[in-house]
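J.: Taken in order, these protein sequences are the chains called A and B.
Residue numbering for the first sequence follows my numbering, starting at 1 and increasing by one per position.
Residue numbering for the second sequence follows my numbering, starting at 1001 and increasing by one per position.
There could be a bad hint or two in this list.
[To be verified] One-sided and incomplete, this derived list gives chain A residues near chain B with beta-carbon spacing under 8 Å:
{"id": "1", "residue": "90"}
{"id": "2", "residue": "133"}
{"id": "3", "residue": "142"}
Calculated from the structure, these hints are not laboratory results.
These figures come from a predicted structure and were not determined experimentally.
Note that the Cβ used here is the ideal one computed from N, Cα and C, for glycine as well.
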Amino acid sequence: MATKPFTYDISRGFLPGHRACAGCGQAAAVRMVMEIAAPNCVVTNATGCLEVFSTPYPESAWGVPWLHSLFENSASIASGVEAALRKQGRLENTRVLAFGGDGGTVDIGFGALSGMLERGHDILYVCYDNEAYMNTGVQRSGATPYAASTTTSPAGRASFGEDHPKKNLPAICAAHGIPYVATASMAFFADLKRKVRKALGIRGPKYIHVHVPCPPGWGYPEKDTVEIGKLAVETGLFPLVEWEDGEVTRVRKIKRLPVEEYLKPQRRFRHLFRTEEGKAKLAEIQAIADSNIEKYGLAG
Amino acid sequence: MPIERGKRILMRGNEVIAQAAMDAGCRAFFGYPITPQNQIPDYMARHMPEVDGVFLQAESEVSAINMVYGAAAAGARVMTASSSPGISLKQEGISYIAEAQLPCVIVNIMRGGSGLGNIAPSQADYFQAVKGGGHGDYRTLVLAPWSVQELYDLTRLAFDMADRYRGPVLVLGDALLGQMMEPVVISEQVVDPASLPDKPWATTGARERPHNVINSLYIDPPDLAASNERLQQRYREAAQREVRFAEEHLEDAELAVVAYGTSARVAATAIEQARARGIRVGLFRPISLFPFPSARLAETAARVKTMLVVELSAGQMVEDVRLAVEGRAEVHFMGKCGGVVFTPAELLAEIVSLAGKDGDDGE
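If we strip away everything but chain A, and leave its shape as in the complex, we get (with noise of 0.2 Å):
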């Protein structure tokens, strides 16, 4: 029997066959984020799940010039480029896009991002957010929820977990006063490439945030990151915003699950449901979903 010989179109600029784990949600919101980007653009990209399962180099995933760099300087290095690009006359037709995990951009990246949005540099910043360092083996980010297990803040007679709130960088980016800023979730497939078309559309520096569940990180079957991912948002743990000029412009208004919903299928969370200490965490995670859907009025 014939068979069709595998094809591709590297004008998508993100390929298949890479080596993410089966489900992974950072692969599918890459894979929509270079749909709309490609083909005419640099991408730089700070080290972590997403450089490592695309790029075990000479093989590569990308269609598209991609730079490689450490954790640190990934908004550093599209900086370089875009103000090179600048004086060559070559950023007409070329969009400059900066890739970082929550490690790389909430944490040791921060100095560096924020640099890039206050000199006004016009770069498209993703955040790639799956919650804790997932290239390393799961250590606890600045982006990590509370009261989630992780190989650094473990679940224990003594521990109930991560101790400390997710830092809320997207609002901190919106503080800069740049043009555009959004979060998204890869379970809202129009929505992110919404945000995406419309920051490519604006001059000057945006960042995006994206939530991408990790079916090894947070302890699911790979078949629910998808629905795992809705989950997040229609809870209220992960607003979906738009801010410009530094102010909230449009919410998705949410069906308002019990955070319960949310929390009970993933292993990093399990212990909360085994004790009576849990369960009080419990009430705290609801108290921080009810205060996002009071703060960004994402009630329908």
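Position chain B relative to chain A; hints supplied.
T.: Just chain B, lined up with the frame of chain A:
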């Protein structure tokens, strides 16, 4: 589950480093994720609370090393760990810590470089470790273990040396040593931090004494020169007291293999195989890389005809060997880069070739 002390147990190298630090009275650890050292912070996160110590994950290596600066200034026994790219990022802090005379232990579980490189074993950070790494005339004292047991013993020793010489001490391992599990005896003797000597220079609050100053800024050149000289005096003292090395089969050797850490382990196997063939070859293994065992190497060079320096790098320690032997022996080099590790067979072939050449010369 508590570990069983005083008996041979199976543990992973990285976890043993963390346990050794706590057993040495370290109650403050500041880390940041990077492979292949992640089991050190992971172990600290789980076990530091049991000894009422601090585990803190910083937001960057820069932050972690400066937390070390702060905790050391406050008089604590303190450690940080990372791997090659992360150690590069710490260099500014290490230079400041050295000039400010603050004791601390830094662990580098080396991986392939330069740049992001990979996560496989490498020894390509030798220059960075022993020549300073950051700016200025400081050095770090450097210990290079070759087994999980030595990871334990030398990490403990590093804390004593840091306090004695009031500066940073580097434990230089690699991906193979950090990730490997092998038998180790965890000591029954543990240090109670309360029993450690006072640090009267520490910035702990000055209610009943004049306040202390921790500083590396000396605007007047003669003042800075005096501070620099104080460090150099400590390095000279360390050179008198802290030179460590191990020797195997050198009594009758005509060829000495010089190697440390993982390279030395592979070399030891190849040397046994070579000796079984009647080749008179031995191993010289530097354990302290700074201070370097130069005097003993020079004596050895006067006895053997040939030396073979073996490193997982393009050739770094070989420069110190050549400086030490000053032409007393012919110094050859064999290196592997990029995270590739020698096989004993490759080393054996090189040993046989060098021994054969010497024989042909009829000396």
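J.: Determine for every hint whether it applies to the structure shown.
T.: Results of checking the hints against the structure:
At about 26 Å, the closest approach between the beta carbon of residue 90 of chain A and any beta carbon in chain B exceeds 8 Å, and the interface hint on this residue is violated. Using the Cβ-Cβ criterion of 8 Å, the hint placing residue 133 of chain A at the interface with chain B is satisfied: the shortest such distance is roughly 4 Å. Hint status for residue 142 of chain A: holds, given a least beta-carbon distance of 6 Å to chain B, under 8 Å.
Of the hints listed earlier, the one the structure fails to meet is number 1.
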